[in-house]
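The lines below spell out each chain.
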Amino acid sequence: DGGITQSPKYLFRKEGQNVTLSCEQNLNHDAMYWYRQDPGQGLRLIYYSQIVNDFQKGDIAEGYSVSREKKESFPLTVTSAQKNPTAFYLCASSIDPTQNTEAFFGQGTRLTVV
Amino acid sequence: DQQVKQNSPSLSVQEGRISILNCDYTNSMFDYFLWYKKYPAEGPTFLISISSIKDKNEDGRFTVFLNKSAKHLSLHIVPSQPGDSAVYFCAASRPGTSYGKLTFGQGTILTVHP
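Those protein sequences? They're chains A and B, same order as listed.
Numbering (this note's numbering) for the first sequence: 1 to 114.
Numbering (this note's numbering) for the second sequence: 1 to 114.
Heads up, a few of these hints could be off.
Unchecked claim - List time: in silico DSSO-like cross-link candidates among lysine-lysine, alpha-carbon distance up to 30 Å: (1) A/Lys14 - B/Lys38; (2) B/Lys37 - B/Lys56; (3) A/Lys57 - B/Lys37; (4) B/Lys5 - A/Lys9; (5) A/Lys9 - B/Lys56.
Bear in mind the hints are in silico, worked out from the structure with no lab data behind them.
With the rest of the complex left out, here is chain A (with noise of 0.2 Å):
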């Protein structure tokens, strides 16, 4: 079945630990996105990339740090300077970043830092 995985789950780290959240996708899309999803409130970008080894920072890139090596595959990794990396992330992905389309969304890593 085509889709985006992202592992794990859930996740618990201790602060001042970076960490590294994995997002793959077999649908062959262009595009890859991560949002962050915090309670009561919609989800914001932190990083996106249109195509291979390029990416560009989104609304709350402070703290991140992405790489696009692979089409199938853009990880997020969570650094010690993120000052509240509690969230619920979530990683996407789009056909064509130039066109109308959807994005597909993965299931989401839950992320608690104690």
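Following the hints, position chain B against chain A.
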């Protein structure tokens, strides 16, 4: 600066009746609008979209209306079913950038009572 707003945090509807979810936006550059449905601890699922060149789009029980002059869109669900109970997000994107780069509202919790 909240460019997409869903002013009703929650909505309760009887099964079989119509559910109307509302969304307002401030950025006149938005030209593509989407509705997503989300269950707790899961990723959003795309429901329906509308381009700014249209004022209505239907898909089964779901209809989205766009009023560009008022910068307002609404999602109608008829008839409502208990399985429709979820959080509904409206989202918007604009040309000249990646179309999967979405700006989301805060969400509306829809509860459909049997």
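Status of each hint after checking the structure:
Under the criterion of a C-alpha separation no larger than 30 Å, the hint pairing A/Lys14 with B/Lys38 is consistent with the structure, at around 29 Å. Under the criterion of a C-alpha separation no larger than 30 Å, the hint pairing B/Lys37 with B/Lys56 is consistent with the structure, at around 19 Å. With a CA separation close to 26 Å, the supplied pair A/Lys57 and B/Lys37 stays within the 30 Å bound. Of the pairs offered as hints, the one joining B/Lys5 and A/Lys9 holds, with about 29 Å between alpha carbons and a cut-off of 30 Å not exceeded.
With a CA separation close to 37 Å, the supplied pair A/Lys9 and B/Lys56 exceeds the 30 Å bound.
Hint check: a violation occurs at hint 5 only; the rest are consistent with the structure.
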